[in-house]
Amino acid sequence: MQKLLRLQRHFQPNQLKNSLSSGFNTHLQKAFSSILIKGGTVVNADHKFRADVIIENGKISEVVRPDDKIQTARNFEKIIDATGKLVMPGGIDPHCHLELPFMGTTAVDDFDIGTKAAVAGGTTSFIDFIIPDSKGLVAGYDDWRQRADKKVHCDYTLHCAITDWNEKISKEMEEIVKRGISSFKLFTAYKGTSFYQNDERMLQIFQRCKELGAVIMVHAENGELIEFNQNRLVKQGVTGPEGHPLSRSDEIEAEATHRVITIANTINVPLYVVHVMKRAAADEIIRAKRKGFVVYAEALAAGLGVDGRNYWDEDWDKAAGFVMSPCIDEDPKTKEYEMRLLATHDLDTTATDNCTFSKQQKRMGHSCFNKIPNGCNGIEDRMSVIWNNGVEKGVLTPSDFVRVTSTNTAKIFNMYPRKGIIQSGSDADIIIFDTEATKTISAHTHHHAGDFNIFEGMKVKGLTETTLVGGRVVFEDGVVKSQPGSGQYVPREAYGYAYEKIPALDAQRRLRETPVDRSGNKPSQKSLEDSVKELNSKIEIYQDKVTQLSWMRSGGFSMETKPLTCKSLMLRNQLH
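According to UniProt numbering, the sequence shown holds residues 1 to 576 in order.
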């Protein structure tokens, strides 16, 4: 009964909202200088083992064998009993858009509410995207930092989108890297907007990213074909949410994925393909990896948890609630296929693309599907959805789970080993995970600001019981205990993990592309006629005669015999 009550409290976000609005702070976090997590099973990306974890001043100081004497020998400010639970690195979401201005409105999950949802679900760090306006990249950076720093409940870092291309942007990219951002994003979708980039621009931007040691990220869909299909469908009277997937076939995502892989490999720059949603696009990733290309790819919680048949739901609000780009595949088997690709390392990370809009905001596109704000929730439910559909179904191991929800993101985006592992010296970003706990996901109980949840009614097994960020207990007993602004910005250096193979691949390419030295075998400048004469003079004239055809002026052939020369050999070969 006690456990049941605890689980019920786990999903009552209004308890926190009411206490904060009333001015009470009894549940808010306290920073402990020393914490002992005892009795649990530590799970890292490579193995799991029984251990106690000691935290001091926000860092993991020791990971030791379980020993009851530790508790009495040292004076810990807080002791967390993790007996029967998993102790794992906190989740890292590599793809979020909190309070993003987009399609005439702004995402309702701001940096406060969105990160409350994150820590409630076991995510301790996330990466948002600077989407700069005409003021440029540095101004965009300042804007995002100013809005996020004072609100976040967990740690965060930033990617930077390139929505224009000129000399100023190229120079500003270097300044952005100096400020701790080593990944840039491009879009091949959204034709007719500032997001869209053609191949010529992409080639130049990819080259610039390599010069700076940055990872290039791409939203890969063929924007030209999407626009063509949208116009065609509207003329046919298709204006509802079903028009969204109908305008974005498998081939549209696969073609763009193949194209950006080809460009990246031509430059030999690390490529990260965001939100791979279709099986055909995933297959392009597999082929590239088999060839040894430096390419990484993410799956989304949406694509791993639900399918796109919802776009045809008779309830317009429900159908519109699933509209995101790329669209969720309507084939229910795709989510199982992508989960297997995570197990085999063909897909690398799991993200959410969290960009939440209310039903009212979605209705901005009631007249036509191409005006529906694109975006869904996921930052709170990602960890449980992936555990339920991956580990509980025997596709992923617990270590696989850590690898695809935390460690790989930390490595690819150069936060490892500060993040993504439980070891001495790493940040104390830790979750206590109850593999037996269950819940039914609902918009009525989630921590998001939105009134819709794409996982509505889904029962999941495996929940985060306690979340620590930098040694601070930010979620416990179903309550978010952190304060806005308690999270930190995490700068990331260039030339990280993703660049480890690049120098060797460049060296191999230089060897292969070395010009052939033909200085000792220069071709003769003699004319063809002189060469034939010289060759004929050296050929022994056979005594036998050959019969050749010679064209008579009269229009017929006559038979005559001539000595066999080089010219006659050439003629004979032509006739035969």
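The set of hints was computed from the structure by calculation and includes no laboratory data.
Errors might be hidden in some of the hints.
Claimed, not checked - Using 25 Å as the maximum straight-line C-alpha spacing, the simulated DSS-like pairs for lysine-lysine come out as follows:
id, residue 1, residue 2
1, Lys48, Lys59
2, Lys318, Lys371
3, Lys318, Lys48
4, Lys289, Lys359
5, Lys178, Lys168
6, Lys191, Lys178
7, Lys135, Lys191
8, Lys439, Lys318
9, Lys318, Lys289
10, Lys371, Lys333
11, Lys459, Lys359
12, Lys461, Lys393
13, Lys78, Lys59
14, Lys533, Lys501
15, Lys461, Lys439
16, Lys59, Lys151
17, Lys289, Lys501
What the hints assert, rightly or not - Just the calculated beta-carbon pair ranges, DEER-fashion:
id, residue 1, residue 2, range
18, Ser34, Asp315, 48 to 54 Å
19, Ser134, Gly485, 57 to 63 Å
20, Gly104, Lys135, 38 to 44 Å
21, His366, Thr266, 42 to 48 Å
Please read all numbers here as calculations on a predicted model, not as lab measurements.
Note that beta-carbon positions come from the ideal geometry of N, C-alpha and C, so glycine has one too.
Right, here's what the structure says about each hint:
no. : hint                        : in the structure
1   : Lys48 x Lys59               : holds, 20 Å
2   : Lys318 x Lys371             : holds, 16 Å
3   : Lys318 x Lys48              : violated, 41 Å
4   : Lys289 x Lys359             : violated, 40 Å
5   : Lys178 x Lys168             : holds, 16 Å
6   : Lys191 x Lys178             : violated, 31 Å
7   : Lys135 x Lys191             : holds, 21 Å
8   : Lys439 x Lys318             : holds, 21 Å
9   : Lys318 x Lys289             : violated, 37 Å
10  : Lys371 x Lys333             : violated, 29 Å
11  : Lys459 x Lys359             : holds, 23 Å
12  : Lys461 x Lys393             : holds, 11 Å
13  : Lys78 x Lys59               : holds, 15 Å
14  : Lys533 x Lys501             : violated, 57 Å
15  : Lys461 x Lys439             : holds, 7 Å
16  : Lys59 x Lys151              : holds, 22 Å
17  : Lys289 x Lys501             : holds, 13 Å
18  : Ser34 x Asp315: 48 to 54 Å  : holds, 52 Å
19  : Ser134 x Gly485: 57 to 63 Å : violated, 29 Å
20  : Gly104 x Lys135: 38 to 44 Å : violated, 20 Å
21  : His366 x Thr266: 42 to 48 Å : holds, 43 Å
In summary, the structure is inconsistent with hints 3, 4, 6, 9, 10, 14, 19 and 20 from the numbered list given earlier, while agreeing with the others.
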